[in-house]
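**Student:** Sequence:
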Amino acid sequence: MPLPAPVPTLEHSALNQAQRAAACHGNEPLLIIAGAGSGKTQTLAHRVAELLARGCDPQRILLLTFTRRAAVEMSRRALRIVGQLSQAKKGAPPPPKNLVWAGTFHAVANKLLRLHAGALGLDPSFSILDREDSAGQLDLLRTELGLSRVDRRFPRKGTCLAIYSRTVNTQASLKQNLELAFPWCSEWEQPLRQLFASYVRTKFERRLLDYDDLLLYWFHLMNHGPSGQKVAAMFDHVLVDEYQDTNNLQAAVLQKLSPSGQGITVVGDDAQSIYSFRAACVRNILDFPKQYDPPATVLTLEQNYRSTQPILDATNAVIALSPERFSKQLFSNRRSTDKPHMVTVGDEMEQVHYVVTQILAQREAGVPLKQQAVLFRASHHSDALEVELGRRNIPYVKYGGLRFLEAAHVKDAVCCLRWAENARDAIAATRVLQLLPGIGPHIAMRVWKHVAESGFAVAKALASHDPPAGAQDEWADLVKLMTCLSDHETPWVGQMGLVRKWYEPHLERLYDNARTRLGDLEQLEQIASATASRERFLSDLVLDPPEASGNEAGPPHLDEDFLILSTIHSAKGQEWDSVYVLNAADGCIPSDMATGDATQIEEERRLLYVGMTRAKNRLDLIHPLRFFIRQQSRYGDKHVYTPRTRFIPSELLRFFACESPPPPFAMANAANTQTSPPAVDMVAALSSMWQ
1 MPLPAPVPTL EHSALNQAQR AAACHGNEPL LIIAGAGSGK TQTLAHRVAE
51 LLARGCDPQR ILLLTFTRRA AVEMSRRALR IVGQLSQAKK GAPPPPKNLV
101 WAGTFHAVAN KLLRLHAGAL GLDPSFSILD REDSAGQLDL LRTELGLSRV
151 DRRFPRKGTC LAIYSRTVNT QASLKQNLEL AFPWCSEWEQ PLRQLFASYV
201 RTKFERRLLD YDDLLLYWFH LMNHGPSGQK VAAMFDHVLV DEYQDTNNLQ
251 AAVLQKLSPS GQGITVVGDD AQSIYSFRAA CVRNILDFPK QYDPPATVLT
301 LEQNYRSTQP ILDATNAVIA LSPERFSKQL FSNRRSTDKP HMVTVGDEME
351 QVHYVVTQIL AQREAGVPLK QQAVLFRASH HSDALEVELG RRNIPYVKYG
401 GLRFLEAAHV KDAVCCLRWA ENARDAIAAT RVLQLLPGIG PHIAMRVWKH
451 VAESGFAVAK ALASHDPPAG AQDEWADLVK LMTCLSDHET PWVGQMGLVR
501 KWYEPHLERL YDNARTRLGD LEQLEQIASA TASRERFLSD LVLDPPEASG
551 NEAGPPHLDE DFLILSTIHS AKGQEWDSVY VLNAADGCIP SDMATGDATQ
601 IEEERRLLYV GMTRAKNRLD LIHPLRFFIR QQSRYGDKHV YTPRTRFIPS
651 ELLRFFACES PPPPFAMANA ANTQTSPPAV DMVAALSSMW Q
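Under the numbering used here, residues 1 to 691 are what the sequence shown spells out, in order.
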């Protein structure tokens, strides 16, 4: 499709032709297919800046992203661009200070639901459950309904939450989701319906919403005639980042925001749709243009600013074998004669030896460890490598660890504020009560029921309740804390400090490493001090939690440089100078669990593509010929021989430098043969003693 001639209000001199066309597009629906490393963030920021420069009210622009960081970065760039215009142009109005409606889908949903709660019969002071608490609530109901005592094993709480979440986000029936993603749970369809119905009622009665409810309630708000129209009328322009990662619920909300498509811009790359396990649907981006009449304009960003051309030649060839996609051919001005490496090794240990050798060689050549990454399909694929890195004293970080709110001590402190904010929050209440010595789950629930019977006046109910024997010494301090937190006259600033002071002696009694954990609570205080209200603080923690102290494994803080280990899913959006992709073999990429389904196979192809496009200058794909399988019930331990990943058939090998390095033991033997002196004849030497 020829690029439409842009009529820019701003100069956009930093953009290439395709980017400029996207930034200056009119109000008709627009799909920007942004190839890997093609300057997507820059383009979207310039589009927002162009809208502002045309006089669009910043409060009528809705910018939806998947991370708060992305929303902040795009807003910052857009406002900076407009600010430069106002300085250069006499009489130009000053730029706005911020974009009010820029944020993640869930954060925007939270704001809209509090504004329009009445239309859904929802209390605007609702609390938001995080994943762990949602699973905990399901577990309580699972027990109350007697489902934990059935003859055959009923799904555990985490599985129940995953089934519920997938059903909400895909907008498919429970039966369909069980058959597709949880076939081993299909026999429990009716009990699960009963459990989920009870879960919905309990949350509503206690003024609780979970993470998935935010989108679900937003969807129902948009389908509530006058209220939906009122929300849609709030915005002239809606821009969506990473559209390939949206689920059916998010796509349905977007369609209701602008049924005609006027003012809609979505940006994404179908070739990087890899999150179906989170209910993301690649069909949303593939089908986007034809849901409007006339169809939406499709503009493609193909100039890559990250990788060398030989790396792009290989990645283009891999994704070109996908049967359904938006066609694009990434190109770069970064020329090189070095092709990506396709390395065949004997087994997993030879793979480890090769990777470590190359990492150290690259480091000696001036590439810091931080600019090198080892990527893999599944977290356990790096186990053997981690052992060797430890033995060689090579520091590393591995992404995908504990989230901040999942740390027990952080959740303890936050639950104090949650209970004060929402007296009906039984999960928070019973957790706080169990921090006191002598109080277990049954006593905690009995105290909470007393609070409920007292009209949810928390402080007054606690003061009138006889404390359990083991908690008598600490009871008065808890009453004092909850009295303070429940008093509307107590300013928000400093409330987290009150919680920390009350909690500190319990922290030392309950957990090891109290001093380290106390640092997390001090971080919470700092975050709280920069937040306008308790409700906003609690919502932000769930919707966009800060990085955890345990989010990275390994010793990154003990060394100035460290290697990156990451699953490919966690690596999306990142880039490194050198990238090593482990286990480029069938059964690993694609995963053996995906090989029975054509749709899943195509997502595995996209996953390999994402891993390959993270590399700037060097890319190594390693294929071990044999994998050692332990504890096979019938055959015992054995080696399994695996072919190279099907996504790189023989006809694509011309895009790679193919290597088969000798195994480390062969090199050692060769070295010994060349340099070692003849062995001593011990029989002759010892026999001579007796002559």
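No lab work stands behind these hints, which were simulated from the structure alone.
Don't take every hint at face value.
[To be verified] Ranges between beta-carbon positions, derived for each pair: (1) Asp287 with Thr483: 52 to 60 Å; (2) Glu388 with Asp577: 16 to 24 Å; (3) Lys175 with Leu653: 43 to 51 Å; (4) Leu115 with Glu187: 40 to 48 Å; (5) Phe326 with Gly225: 29 to 37 Å; (6) Arg646 with Pro226: 37 to 45 Å; (7) Gln84 with Asp123: 18 to 26 Å; (8) Gly596 with Asp561: 39 to 47 Å; (9) Ile601 with Arg515: 33 to 41 Å.
Keep in mind that this is a model prediction, so the values were computed, not measured.
C-beta: ideal position from N, C-alpha, C; glycine also.
**Student:** All hints are to be evaluated individually against the structure, with a verdict given for each.
**Tutor:** Do the hints match the structure? See the list:
no. : hint                           : verdict
1   : Asp287 with Thr483: 52 to 60 Å : 56 Å, holds
2   : Glu388 with Asp577: 16 to 24 Å : 21 Å, holds
3   : Lys175 with Leu653: 43 to 51 Å : 45 Å, holds
4   : Leu115 with Glu187: 40 to 48 Å : 43 Å, holds
5   : Phe326 with Gly225: 29 to 37 Å : 36 Å, holds
6   : Arg646 with Pro226: 37 to 45 Å : 53 Å, violated
7   : Gln84 with Asp123: 18 to 26 Å  : 45 Å, violated
8   : Gly596 with Asp561: 39 to 47 Å : 43 Å, holds
9   : Ile601 with Arg515: 33 to 41 Å : 50 Å, violated
Of the hints listed earlier, those the structure fails to meet are numbers 6, 7 and 9, in rising order.
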